[in-house]
Each structure stands twice: as structure tokens, then as C-alpha cells.
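> As a plain string of letters, each chain reads:
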Amino acid sequence: EDKVVQSPLSLVVHEGDTVTLNCSYEVTNFRSLLWYKQEKKAPTFLFMLTSSGIEKKSGRLSSILDKKELFSILNITATQTGDSAIYLCAVEQSENSGYALNFGKGTSLLVTP
Amino acid sequence: DTGVSQDPRHKITKRGQNVTFRCDPISEHNRLYWYRQTLGQGPEFLTYFQNEAQLEKSRLLSDRFSAERPKGSFSTLEIQRTEQGDSAMYLCASSLALVARDTQYFGPGTRLTVL
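Residue numbers (my numbering), protein chains in the order written: chain A, 1 to 113; chain B, 114 to 228.
Bound-form chain A, shown alone (with noise of 0.2 Å):
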């Protein structure tokens, strides 16, 4: 069965502070990775990552992809209090699959001052 796992499920940290958010995945037919950010509303995208070892980098923000082992991680830099926020991580699989995009349960992030 297709699964996707995040982890901490929650996090709790001190402005400033740095944090690295962990995805690994078993899926069939694997197409790519993306991380969202989900406030109290719509998941917005931040990343798509399709290649092993290819940093992918906004601002604070960061990732990277692993397909031997099967996992990504999220970095975040220097955490504001507007970060906090429940990160998503989906795997999209290939057209035999459909293209749905298979979630994890999400990492609650809360930053403090």
C-alpha cells in the first residue's frame, strides 16, 4: 500500500530557530514530490522536487530529495512567527496512478517569540 509519512507530527520552536521537517514515502509509480504550507485555508505550493540530491531553495526555505532512500526533508532558517503553519508533504504519481497526489498527515509547526 502507498504511504507517506511526516515527521514530528508537531513542533514547537523559538524564533529564530532553525527546523528540519522529514518525509519518507513507499509509493508506486513515482512521479515527484511537493511540499505545501497550509495556513487555516488553501495548501499553497512551495516546492516540487524530481531529482535526487538537487537543492531546492526560496528565501529561508529548503529542500531536497532522496529516491534511494526514499525521503525529502524541509529546512527552515531562522523561523519567523508567520511560518508557523502545518507543512504537507505529497508524492504525485506517475499516469498508470492517475496523478493524485498522495499525502502525508503534515507537520503542525508553531513559532514562538
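Just so you know, the hints here were simulated from the structure itself, not pulled from any lab data. Virtual Cβ for every residue (Gly too), placed ideally from N, Cα, C.
Cβ-to-Cβ under 10 Å is the rule here; a few derived chain A residues that face chain B:
| hint | residue |
| --- | --- |
| 1 | 38 |
| 2 | 41 |
| 3 | 43 |
| 4 | 86 |
| 5 | 100 |
| 6 | 103 |
| 7 | 104 |
Fit chain B to the known structure of chain A by using the hints.
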């Protein structure tokens, strides 16, 4: 604002009633997806359309659920004879499928509460 809109944003209904939700995707996006999200869980795939064709349905989509995308633009999701277990956030996403990778962009969701 990603450009995907959903209506209504909230719906409260009594068990046994029918409800219909609407999703307007980003203009020119040819793929449209429906997901359901319950508290503490990630979104779960329900169904997707490429243009007006419904190409995939999850086994989560019971016979009481039906989705349409009649002209390949907006889509509707209807739930008949609602049950309390249908209470969830229903999310719509759209993407532009090209040869390269296509990213799904989500709407704000419709939160359904079945009493």
C-alpha cells in the same frame, strides 16, 4: 490568492440532505482535482478530470458522491443523502498538464458540517 475559487466556503446541513459544491479552476488549467481533508489528516484524493473527462475516482468516492465538469471549466461535487462522516473540508485543485511537470494549485476549500 492562487486563482482557484470554491463556493460556498462553509456549508452546514442536516443528515440526509443533498449538497453541491462548485470549483472554478485557474483559467486554462485543463486538470481539476477534488480532495477531502479531515482534522489532523492530509488531503485525500477523491477524483480528477482532464478537460471534461473524469479519468480517475478513488474508492473513497461512494455512490452518494458525483462530480461533473461539463464544459471542461468549472466543476461541481454533489453529495447525496449526507452522513455525519461526510463532515470535512473539500478542496479543489487545478493544474496545467504539459509535457513538463505540472503543479497543483489549491482553492480555499468548502468546509462541510453535517449535523
